[in-house]
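Guided by the hints, dock chain B onto chain A, whose structure is given.
Going down the list, the sequences are from chains A and B. Position 164 (the first sequence) corresponds to 164 in the numbering used here; numbering is contiguous. Position 67 (the second sequence) corresponds to 274 in the numbering used here; numbering is contiguous.
Derived by calculation from the structure, the hints in this document are not laboratory data. A portion of the hints provided could be inaccurate.
What the hints assert, rightly or not - Cross-link-like lysine-lysine pairs, in silico, DSS-like; alpha carbons within 25 Å at most:
no., chain 1, residue 1, chain 2, residue 2
1, A, Lys110, B, Lys528
2, B, Lys294, A, Lys171
3, B, Lys528, B, Lys372
4, B, Lys528, A, Lys114
5, A, Lys171, B, Lys372
None of these values were measured; they are calculated from a predicted model.
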Amino acid sequence: MLQPVEWIRWVVKPLLFVAALIPLALLLHTAVNDQLGANPIETINRYTGDWTLRFLLITLAVTPLRKITGWQMLIRLRRMLGLFAFFYVCLHFLSWIWLDQYFDLDAMFKDVVKRPFITLGFTCFLLLIPLAVTSTNAMVRRLGGRNWQRLHRLVYFIGVGGVVHFLWLVKSDITQPLIYGVILAALLGFRLWDRRRQQTAAAPAMR
Amino acid sequence: MFIQKPADIRPSEITDKKIYLERRRFLRAAGIVAASGVASGLLLPPVSEAGQKLAGVRKSAFRVDDKLTDYKYITSYNNFYEFGTDKSDPAKNSKNFRSAPWTVTVDGEVKRPARYQIEDLLKHHPLEERVYRLRCVEAWSMVIPWVGFPLADLVKRVEPTSRAKYVEFTTLHDPAQMPGQRPGLLGAGLGWPYVEGLRLDEAMHPLALLAVGLYGEVLPNQNGAPIRLVVPWKYGFKSAKSIVRIRFVEQQPVSTWMKSGPREYGFYSNVNPAVDHPRWSQAAERRIGEDSLFSPKRKTLPFNGYAEQVASLYTGMDLKKFF
Chain A
1 MLQPVEWIRW
11 VVKPLLFVAA
21 LIPLALLLHT
31 AVNDQLGANP
41 IETINRYTGD
51 WTLRFLLITL
61 AVTPLRKITG
71 WQMLIRLRRM
81 LGLFAFFYVC
91 LHFLSWIWLD
101 QYFDLDAMFK
111 DVVKRPFITL
121 GFTCFLLLIP
131 LAVTSTNAMV
141 RRLGGRNWQR
151 LHRLVYFIGV
161 GGVVHFLWLV
171 KSDITQPLIY
181 GVILAALLGF
191 RLWDRRRQQT
201 AAAPAMR
Chain B
208 MFIQKPADIR
218 PSEITDKKIY
228 LERRRFLRAA
238 GIVAASGVAS
248 GLLLPPVSEA
258 GQKLAGVRKS
268 AFRVDDKLTD
278 YKYITSYNNF
288 YEFGTDKSDP
298 AKNSKNFRSA
308 PWTVTVDGEV
318 KRPARYQIED
328 LLKHHPLEER
338 VYRLRCVEAW
348 SMVIPWVGFP
358 LADLVKRVEP
368 TSRAKYVEFT
378 TLHDPAQMPG
388 QRPGLLGAGL
398 GWPYVEGLRL
408 DEAMHPLALL
418 AVGLYGEVLP
428 NQNGAPIRLV
438 VPWKYGFKSA
448 KSIVRIRFVE
458 QQPVSTWMKS
468 GPREYGFYSN
478 VNPAVDHPRW
488 SQAAERRIGE
498 DSLFSPKRKT
508 LPFNGYAEQV
518 ASLYTGMDLK
528 KFF
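With the rest of the complex left out, here is chain A (with noise of 0.2 Å):
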């Protein structure tokens, strides 16, 4: 029988790391049967974007289902997830420079420059290169626990930034980056709540 913590290393976590390749796969067996459609750069890269934003809410959702399912193996499983993030984010981009913009360096420099949703969307991808990289346990130590806890609040940045990205990029209806929106502030909400809530509990016990 094995140990939660065993089981979570050999069982959830690869189960996961197969899953969270799900959507590449069918990603690659669309392109192979040609069913990307019309246009199919833009459904590349509209459908990495996508992903990279459900990873980010799916990261940002593991310490509130912790706190409420108490279920602390989950925390576990949140490098994973955020690297899975940063995994889409790179293909997001790689769609931009490659397919899109064909490494037309010089448009590219002008489309960051002047136009404000790739100028965030850029900048969030810059952004999570430093915690991608801070992401192994010797990083953690060598930054320390609350340096390292500290860099990594710049996902809540990240996570505002790629929905905004999102919702300055379509021309008229924004019911889609609002249903990030509205989920990515429940899972924010979450934790103001949360530290409001200890505060107060903590107080009558300073005294």
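Quick look at chain B alone, frame taken from chain A:
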């Protein structure tokens, strides 16, 4: 007459032989049908269902030699927000749209205002096939064989008064049939009905077309059945679909997109690689169904390649200001 400069034609852009032969066969068949109709003293009743062949269509000299975009892409990748904002929505949500009977009201500053049944228009105006480039404001493009008649013919027919300076086009407003017109989340979305406009001289330009078909067949609902505007030198959204009213006015109409985003959409909206949409560049475009995943975009041409024909309409105008 509209003569294409051969310089920008690549062999890959030349119409497929299969399509060419099919077109030939179709034109011959259409000719026979038309002839028999004339011979028997009455024209065939106009067809009204998408996919039905249109009779009596003559091939026109207004054609670019670019490779035609596949029918399946033209009819599955649509911006027609009345039926939803996703590109695949119009094809899905317009299946039961009733495009017949259909009346087009022509009024305003004209000597002969009229309410035309679509059949009247088809009977009165000979149909022709024209192959135009279509450039969407979202930086993609298609090449479409439209069937229709010159807007100028209708303009002349109703005799605009001297006060008519602009022409305003209104799309059907019918939320029961057009789900995209129902109130959205938090009131988001465009204002209805959809309104577009042209200056009178633009409307009189021989390139401006009222289309009733594509690929020789009755216009599918998702493409703006039964009658839509096609202004090939302007971004696609200028070409109003499912038109119910054409009004001649003195003041410049305020279009739906101008109301929605005055900074992003101007009245003229001529295709112009030098004037960016605030959120994306207009310098290049993606040709639907043609370029591979790994090919760069193609350069967008001023006035969508129709500069020779239409640039004179805008002499002396600052096109950065009048975008």
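Here is what the structure says about each hint:
no.: 1; hint: Lys110/A <-> Lys528/B; result: 21 Å, holds
no.: 2; hint: Lys294/B <-> Lys171/A; result: 13 Å, holds
no.: 3; hint: Lys528/B <-> Lys372/B; result: 20 Å, holds
no.: 4; hint: Lys528/B <-> Lys114/A; result: 18 Å, holds
no.: 5; hint: Lys171/A <-> Lys372/B; result: 30 Å, violated
Hint 5 from the list above is the single one not met by this structure.
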